[in-house]
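There are 2 protein chains.
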Amino acid sequence: MARDKKIELDLLRGFEEYLPQDQLQFNALIDLIRRNFELFGFLPIETPSAERREVLTSKGGSEKEIYALTRLAEAGDDEAANKGALRFDLTVPLARYVALHERELAFPFRRYQIQRVWRGETPQAQKGRFREFYQCDIDVVNRDQLSPLAEAEIPSVIYSVFREMAIGEFRIRINNRKVLKGLLQEFGVPEAKVPGVLRALDKHDREDAAKIRHDLEREGMRPGSAGQLHELVSGKRETGDTLSILGKFRSSLCQQGLKDLENVAAAIRQFGVPDSAFLVDLGVVRGLDYYTGTIYETTLTGHPEVGSICSGGRYDDLAGYFTNTRLPGVGISIGLTRLFSRLREAKLLQPLDRTPAEVLVTTMDPQSLEKYLKMAAALRGAGVNTEVYLEAAKIDKQLAYANRKGFRVALIAGESEFANNMVKVKNLATREERAARDHELVQAVRSALKNES
Amino acid sequence: MARDKKIELDLLRGFEEYLPQDQLQFNALIDLIRRNFELFGFLPIETPSAERREVLTSKGGSEKEIYALTRLAEAGDDEAANKGALRFDLTVPLARYVALHERELAFPFRRYQIQRVWRGETPQAQKGRFREFYQCDIDVVNRDQLSPLAEAEIPSVIYSVFREMAIGEFRIRINNRKVLKGLLQEFGVPEAKVPGVLRALDKHDREDAAKIRHDLEREGMRPGSAGQLHELVSGKRETGDTLSILGKFRSSLCQQGLKDLENVAAAIRQFGVPDSAFLVDLGVVRGLDYYTGTIYETTLTGHPEVGSICSGGRYDDLAGYFTNTRLPGVGISIGLTRLFSRLREAKLLQPLDRTPAEVLVTTMDPQSLEKYLKMAAALRGAGVNTEVYLEAAKIDKQLAYANRKGFRVALIAGESEFANNMVKVKNLATREERAARDHELVQAVRSALKNES
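Going down the list, the protein sequences come from chains A and B. Residue numbers for the first sequence follow our numbering, beginning at 22 and rising by one. Residue numbers for the second sequence follow our numbering, beginning at 22 and rising by one.
Possibly wrong hints are sitting among the right ones.
Because identical chains cannot be distinguished in the list, a pair is counted as satisfied if it fits within a single copy or across any two copies.
Said to hold, decoys possible - Below, a list of computed lysine to aspartate or glutamate pairs in the DMTMM-like style, where the Cα atoms sit at most 20 Å apart:
#1 27 / 165
#2 471 / 374
#3 257 / 125
#4 104 / 86
#5 85 / 95
#6 280 / 259
#7 368 / 185
#8 392 / 326
#9 104 / 38
#10 415 / 391
#11 280 / 207
#12 445 / 459
#13 257 / 190
#14 104 / 31
Treat the hints as calculated values from the structure; they're not laboratory data.
Given only the sequences and the hints, what does the whole structure look like? Please build it.
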């Protein structure tokens, strides 16, 4: 239509999309994560994008960040428009899901969920903050009680994921909420100030010491204590040193937390995670108040600027607002959109070992369509992704398209090849070309696909 | 928390979620569709859930059905809340995507997209109408011109998908917009009335003849013509009969459309789709006005009540509102949420040949955790999905959990087994149990997994 009707095409700020090559790489990460989650016996669920607003705001949901739905025209009795809003995480929908389907689920309920969430945060691409992004969550939820072993298993799943992702050295850092609360007790922080102090401490890796100490003092701590507490939380130590420092705090809460941390650390080793991949670290604080036991964050050793790529923790009651059943659990979440964006910037993504664009059947001779289609059908029957070039174009243009789209092999045949029941199999990476007889086509293509990788 | 705080848990009307067993089956369908799309050389893209409102309303988007975003609290300068709305299909986002990234894409651009869309329609579960649902789309878009062969290829992709889905006999029904417009000309329908008449005809398989004729008369047709046109469109005929009836209409538009239909039908056969799986059918009308050539619908032969499970068509200009480049294309869309719901009701879904819940390692002896974990690690290393039961529970309860969750094999070992370096491998379907030595564990489990299927 007319030039004057042009509409602004830019994406909404905080929303992202990829070109096909990047989408393929993103999808490969999702497949990898999903395969590892399933390897550990987690089953998939998906929940609707929109929930009742009161479900989302019941527990920890900051109203400020929630997108509600409305209708451009009159909504009538449309519940979604009148009462619905987009989920901001996958934990609240999980709580609602477990409460709603409690009788139909097998406990311990181990679920994974890989879906988009929406948050009205200020988008800052350079900090990897988006308004729409993927989360990849696992949770183990049981009725009444949950073994502490579940807290040790979670890092082993995450270890399996990031090891296969081959994104360099990483460390799953763990801490324990009891330890943190015990320390605050020892530093004389009154119960009512605990959430504020935790939120201030949670920023220790993003803000400078002066700012954190100032915030702690605003929560009522004396300058000396604020400094000591900040130093304790932000200091870099190995697991053994951290555990011995904690041994000096004698309150029962600290001692209980220390014992839990020691047990979880020992079990994590039994679950096969080497010491090089996890760390007991008092700097793991987590802002959310529903965590009660082990808490997790994960960082790339060589790229601390990327921040935590995966975090979560243990909670004592998942769905108290929705059901009377006590549902303790433990979970962790990979913020995949952010992780992907950072890995791409840091050039840490592995090249794909497989592309869906495998073979392009070029079509020099329009009269021979049926023969081209038969070759394609034979290859597809053997599981080889095959496209037939259907537009009228010179062979050079067809090969240029093949290269641009990332095909690995092109088939070339015209009258003379067909007369001899032959086809040329061209490896687009090495530019090698060999002739294959009709009946050995599949084999010849397979060997060309292998040669290249 | 307290009983008095309970919140309503029901999903918003028109929104769905599944239990894990159903989710697995749904995911298997998505995997199958994706594999087939890739087999034909389509590349994946995803677009943001929200677009600028003016993008969505530019072309065919009925404002009435669009969900806009807003914020529960003050939105400030949040573009998404002030200007954003959820997509209602995947075609408008594709148009915006191609216009935005035109220079970075290889043409012909063949993309698939499997994502959720949202429509504020009146939800009617019994008719399979949802407010949030998955669409699985493929489109081929080229610059300036597009070969009619692309119109013949689309049915071959769909044939490949539904054949593998094994949901019984189906027919891809095709028609041509030129034929329809030519017929309306012959029946004296003025240009301005064409959209209204097409919309009336499009309902012929859902409404009775009297209602359709009444609607046609309201568009200005005489009763005699309305009856003849309705009979022509709704009559059940084989492809050959339909083509010969069309031969009698001599206007150039009808003749051109007939020639296109004949050519596409011949090419569809060359693409390997048997006559039993497609049909030239004047009853395919499609309400949308942007189609200009071949149009498609797909029905299950044994279950006409399910309605069209896949539809689309050829268009001459995808993105006229967004770019000056002429972008002709052809596409088709599977409404998967609706299809899944109908297949489930009609009990047409194939049982899964593979479940992620393969092996449960039961844990009779808490002291031997490390041994249980080693077995699990060995199995996972061999690609076998394996869960370790981590809660303290009697063996009967553990086996009940294994059955409930659908595990296929349970491993059972206690002190006496460990003393002999043995483990019991129990096939949960056949209830057979055999003892395996430590070093033959993987092999024994593999053979138990195979036996069952």
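Hints, verified against the model:
1. Proximity of residue 27 and residue 165 under a CA criterion of 20 Å is satisfied inter-copy only: 19 Å between copies versus 59 Å inside one chain copy.
2. For a Cα distance limit of 20 Å, the shortest separation of residue 471 from residue 374 inside one copy, 11 Å, qualifies, whereas the shortest one across copies, 29 Å, does not.
3. In this homomeric assembly, residue 257 and residue 125 never come within 20 Å of each other (Cα to Cα): the closest approach is 46 Å inside a single copy and 45 Å across copies.
4. Taking CA atoms no more than 20 Å apart as the test, residue 104 paired with residue 86 passes in both settings, with 16 Å inside one copy and 16 Å between copies.
5. Taking the closest pair of Cα atoms, residue 85 and residue 95 come within 20 Å of each other only across two copies (7 Å); inside a single copy the shortest separation is 25 Å, beyond that limit.
6. Taking the shortest Cα distances, residue 280 and residue 259 sit within 20 Å of each other inside one copy (17 Å), while across copies they are farther apart (78 Å).
7. For the identical chains of this complex, residue 368 and residue 185 are intra-copy neighbours only, at 17 Å inside a copy versus 39 Å across copies, given an alpha-carbon limit of 20 Å.
8. Proximity of residue 392 and residue 326 under a CA criterion of 20 Å is satisfied in neither setting, with 55 Å inside one chain copy and 39 Å between copies.
9. Within a single copy, residue 104 and residue 38 get their C-alpha atoms only as close as 29 Å, which misses the 20 Å cut-off; across copies the closest is 18 Å, which meets it.
10. For the identical chains of this complex, residue 415 and residue 391 are intra-copy neighbours only, at 19 Å inside a copy versus 64 Å across copies, given an alpha-carbon limit of 20 Å.
11. In this assembly of identical chains, the alpha carbons of residue 280 and residue 207 lie at most 20 Å apart only when taken from the same copy (17 Å versus 87 Å across copies).
12. In the homo-oligomer, the alpha carbons of residue 445 and residue 459 lie at most 20 Å apart inside one protomer (10 Å), although the nearest pairing across protomers, at 51 Å, exceeds that limit.
13. With identical chains, the CA atoms of residue 257 and residue 190 are at most 20 Å apart within one copy only, with a shortest distance of 17 Å there and 66 Å across copies.
14. When the C-alpha separation of residue 104 and residue 31 is checked against a cutoff of 20 Å, the pair qualifies only between copies, where the shortest distance is 12 Å, while the shortest distance within a copy is 30 Å.
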